[in-house]
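*Asks:* Spelled out, the chains give:
Protein chains: 2
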Amino acid sequence: MTETNPPSPAQDRPPARPAVVLLSGGLDSATTLAIARHEGFACHALSFDYGQRHRVELEAARRVGAHQGVAAHHWVKIDLRAFGQSALTADIPVPKDRAQAEMGRDIPVTYVPARNTIFLAYALALAEVQGASDIYLGVNAVDYSGYPDCRPQYIEAFGRMANLATRAGVEGRALKIHTPLISLSKTAIIERGLELGVDYGLTHSCYDPIPDAGRPLGARPCTRCDACLLRQQAFAALGQRDPLLQ
Amino acid sequence: MTETNPPSPAQDRPPARPAVVLLSGGLDSATTLAIARHEGFACHALSFDYGQRHRVELEAARRVGAHQGVAAHHWVKIDLRAFGQSALTADIPVPKDRAQAEMGRDIPVTYVPARNTIFLAYALALAEVQGASDIYLGVNAVDYSGYPDCRPQYIEAFGRMANLATRAGVEGRALKIHTPLISLSKTAIIERGLELGVDYGLTHSCYDPIPDAGRPLGARPCTRCDACLLRQQAFAALGQRDPLLQ
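Those protein sequence lines, which keep their order, are chains A and B. Residues in the first sequence are numbered consecutively from 1, following the numbering used here. Residues in the second sequence are numbered consecutively from 247, following the numbering used here.
Hints were generated in silico from the structure; no laboratory data involved. Be careful, since some hints might not be right.
[Said to hold, decoys possible] Straight-line alpha carbon distances no greater than 27 Å define the calculated DSSO-like cross-link-like pairs of lysine-lysine that follow:
no., chain 1, residue 1, chain 2, residue 2
1, B, 342, A, 77
2, A, 176, B, 422
3, A, 176, A, 96
4, B, 323, B, 422
Everything numeric in this text was worked out from a predicted model, so none of it was measured.
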């Protein structure tokens, strides 16, 4: 089933509990936000400006958050460029036209050291301040097994640590890291997002976007990096066309 | 035994392996740095500008690092003020003249949510980039049991998570979080630091320093906050006078 309208607000629920949702403006985090909302949370989106080469990602995060009606959107500027070593933050060429079998084999050059640990650490701080016991993260271990910090055993270990790190743990409130996409294929992720009314035309996935002043985000996808290829294949498998390519 | 001179460099060792040492400029981190050096590491100091009310802390970190001859001193600016809720980053009065029994009872107002998790996450990123398998952190669970993220079980859980988070873990290099002070009293910490040549006159501990243009750091300790009281008691127990009070 595919619903293209956002779900209407529930009238018969108690006031929503807060959750922190990490929102990059990509396809996965946009879907994760929709799932967190669907599960009844008042969502505090948390986005990072970490010296991305592509500011388009930040604009996409802003639009996705606004479209989905987040309770608040928190922005944190962090400097991973000081640590170098990644195609997403430094000037290393992005691989193009790779077959899917090549993508998950090694840790990709687009890997940012300890990125999810840094992002989740800030999410933990925000959760504590907002009195939230739930953090949502759109990691996926299926299409991108090359990232060590996207694996279920990493997320479980972070959750155990988080429950020892903060007041919540000391006071007996269990803190939960939700990763609703972790075992879904890209196709299943998009299918779920379309059901929940995600507008994928607002999202951004490309590792190497081409400037295009005629587009709302000021750029169009390269269509050839790993992220573009996975996205195209997933929309094709659903018999849909990616709204970014229309 | 008390040595007040820094130890001379070892002549008969292999080239030192790198370690990341979190350095706040306080008494504990200055001692931890000296221990890491004594254990043979080339130390990459990592210091944070996280919207401290007291810039004196950053200057102390710089002086301690320079005095102890770190291999490199890395600085990261992070914005915890966005998360509010702590006397160290917001405008909440610092408690004064408390008896030691009062100090460890509750989570103190000087607690910064998830601070050590955020700091260790950056240390993990730096360790990965530098090829370091060792991270030193000067947490202490004896005098300040009120901070949840200073407890041994938290550090152990962070270490388990860290070994799943990064290339090091995937490639079978074990990453270790060293907390050499965790079970030492403040007195034992200072005793060890004096043996290793730490100059405590360069360090800064006070939560509420008083501006004083005549001092090298531009301020003097209040002598009444928890940090000042613990420090005074520890120097007194050793029959020493705190060089900051001379």
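*Asks:* A separate judgement is required for each hint: does it hold in the structure or not?
*Replies:* Consistency of the hints with the structure:
1. B:342 / A:77: violated, 34 Å
2. A:176 / B:422: holds, 26 Å
3. A:176 / A:96: violated, 37 Å
4. B:323 / B:422: holds, 25 Å
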